[in-house]
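Top to bottom, those sequences are chains A and B. Residues in the first sequence are numbered consecutively from 1, following the numbering used here. Residues in the second sequence are numbered consecutively from 405, following the numbering used here.
Since the hints were made in silico from the structure, they are not lab data.
List of simulated lysine-lysine pairs, DSS-like, C-alpha gap at most 30 Å:
| hint | chain 1 | residue 1 | chain 2 | residue 2 |
| --- | --- | --- | --- | --- |
| 1 | B | K423 | A | K379 |
| 2 | B | K461 | B | K523 |
| 3 | B | K450 | A | K391 |
The model shown is predicted, which means the values in this text are computed figures rather than measured ones.
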Amino acid sequence: MKLPIYLDYAATTPVDPRVAQKMSECLLAEGNFGNPASRSHKYGWEAEEAVELARRQVADLINADPREIVWTSGATESDNLAIKGVAHFYKTKGKHLITSKIEHKAVLDSFGHLEREGFEVTYLSPGSDGIVTPEQVDEAIREDTLLVSIMHVNNEIGVINDIAAIGEVCRAKKVIFHVDAAQSSGKIDIDLEAMKVDLMSFSAHKMCGPKGVGALYVRRKPRVRLEAQMHGGGHERGMRSGTLATHQLVGMGECFRIAQEEMHVEQERIGKLRERLWLGLQDIEEIYINGSVDKRLPGFLNVSFNFVEGESLIMSLSDLAVSSGSACTSASLEPSYVLRALGLSDEMAHSSLRFSVGRFTDEADVDYALDKIHQAVNKLRELSPLWGMFKDGVDLDSIERATH
Amino acid sequence: MACSDKVVDHYDNARIVGKMDNKDDSVGTCMVGAPACGDVMRLQIKVTAAGIIEDAKFKTYGCGSAMAFSSMLAEWVKGRRLDEAASIKNAEIAVELALPPVKIHCSGLAEDATKAAVKDFREKHAADVPAGV
Numbered sequence: 001m002k003l004p005i006y007l008d009y010a011a012t013t014p015v016d017p018r019v020a021q022k023m024s025e026c027l028l029a030e031g032n033f034g035n036p037a038s039r040s041h042k043y044g045w046e047a048e049e050a051v052e053l054a055r056r057q058v059a060d061l062i063n064a065d066p067r068e069i070v071w072t073s074g075a076t077e078s079d080n081l082a083i084k085g086v087a088h089f090y091k092t093k094g095k096h097l098i099t100s101k102i103e104h105k106a107v108l109d110s111f112g113h114l115e116r117e118g119f120e121v122t123y124l125s126p127g128s129d130g131i132v133t134p135e136q137v138d139e140a141i142r143e144d145t146l147l148v149s150i151m152h153v154n155n156e157i158g159v160i161n162d163i164a165a166i167g168e169v170c171r172a173k174k175v176i177f178h179v180d181a182a183q184s185s186g187k188i189d190i191d192l193e194a195m196k197v198d199l200m201s202f203s204a205h206k207m208c209g210p211k212g213v214g215a216l217y218v219r220r221k222p223r224v225r226l227e228a229q230m231h232g233g234g235h236e237r238g239m240r241s242g243t244l245a246t247h248q249l250v251g252m253g254e255c256f257r258i259a260q261e262e263m264h265v266e267q268e269r270i271g272k273l274r275e276r277l278w279l280g281l282q283d284i285e286e287i288y289i290n291g292s293v294d295k296r297l298p299g300f301l302n303v304s305f306n307f308v309e310g311e312s313l314i315m316s317l318s319d320l321a322v323s324s325g326s327a328c329t330s331a332s333l334e335p336s337y338v339l340r341a342l343g344l345s346d347e348m349a350h351s352s353l354r355f356s357v358g359r360f361t362d363e364a365d366v367d368y369a370l371d372k373i374h375q376a377v378n379k380l381r382e383l384s385p386l387w388g389m390f391k392d393g394v395d396l397d398s399i400e401r402a403t404h
Numbered sequence: 405m406a407c408s409d410k411v412v413d414h415y416d417n418a419r420i421v422g423k424m425d426n427k428d429d430s431v432g433t434c435m436v437g438a439p440a441c442g443d444v445m446r447l448q449i450k451v452t453a454a455g456i457i458e459d460a461k462f463k464t465y466g467c468g469s470a471m472a473f474s475s476m477l478a479e480w481v482k483g484r485r486l487d488e489a490a491s492i493k494n495a496e497i498a499v500e501l502a503l504p505p506v507k508i509h510c511s512g513l514a515e516d517a518t519k520a521a522v523k524d525f526r527e528k529h530a531a532d533v534p535a536g537v
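Construct the entire structure; sequences and hints are all you get.
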């Protein structure tokens, strides 16, 4: 067991050895190091072949055409390209855009940028379960709406949106639909032939691939156009210039191939580990799951431990690697905007921990974590005046306190 | 985030945690902060007839720095006179714990707590606290 125990798969994942092996074959002089755009010699042709194989592997997992895959440096770049690319290309047709309040910052910040350019953005509020409904999207669409962007799975709470149904709504009203699938690819089925999604962002490092590489799915039928954000040699059909990094793309292709073969079995195993963790916590009083319980990815567990603050809990759990919705762990000193948007009080957001298990987590890890969590929560509750008052039956809202 | 060793020490070996009977005449009690800010501290001081703080107990809901603060503070006020305790400056404790700038606000809580506990005690004994204490 390697300490600290890694329970933060939602943040990033270790690269699978099989992926690392494939990547390493594309680095050295003896390997496949050529520039895939070099038309005139074997080094280029072989690199191109490897890249096109990887492209097919990505397309196969999501039931898309390889020509619909654009390589990027990650989901953040894919989000930027999709959102700004569509808004700029179609700006003469309208200026209204729709997204949700709990999207990843790469999406929210891109929309923020467009607002400063004069676009109007509607930010939909999720329900207390964290889900944005097709009805909400339908109601928000106007005559001049260009684009809707709703994430498939939320990175903090692991909750799943019904993007197939939202896609139907958008297609019926002829609005382009983008989905950030960074957290969902390789974990739940995605069928882009069936789903009416026009653009989809992917990231390799959330599925045991390398960091620094991702992709954007851009639908061909009906055709979606976008304005490139990276200009240069015209790579990726002019949509994203920049020499293709063979080793990165081969790595991403391999992790999509592994997911194609192993996803369902792996997610079932991961689900059982998550249940083991949750059941093991049941004897602790005053704990609450954040976000929908049933529409959630198997690996995620976001829990608030009432009367205990998140950063102090993390400090106490120095043998576990997890993350918190507490203000103290964010750069801005504000509690998680996702948890706040669900309607959680500040104190419950401060008291939250996100556990995410994955490919290399095992039962021993979970049992060890449970032991440490019990110790930490008990100790911190001993130290907490709020817990003391709760146990004494004091109404915490009625206390007058000096302000500071 | 990295914490100074002193913060970790105070946190791991939190001293003087607990509760006093706030109906006891010799005890001053206060609670400062709010859960919404992520910091709540309760400090209680037991004061002798001569106006010296003979014991202090705290409980805190808050981040590692806030907890270390409370612990350090409760230790610091023991043996001090009331007016000395009331004149504590959060900057002193921040330096002692080698806190990064983003955590300085936690020290403000400690300063407020001390002043409020002293005030509570004084209000209980408005008539009989000796002059100059």
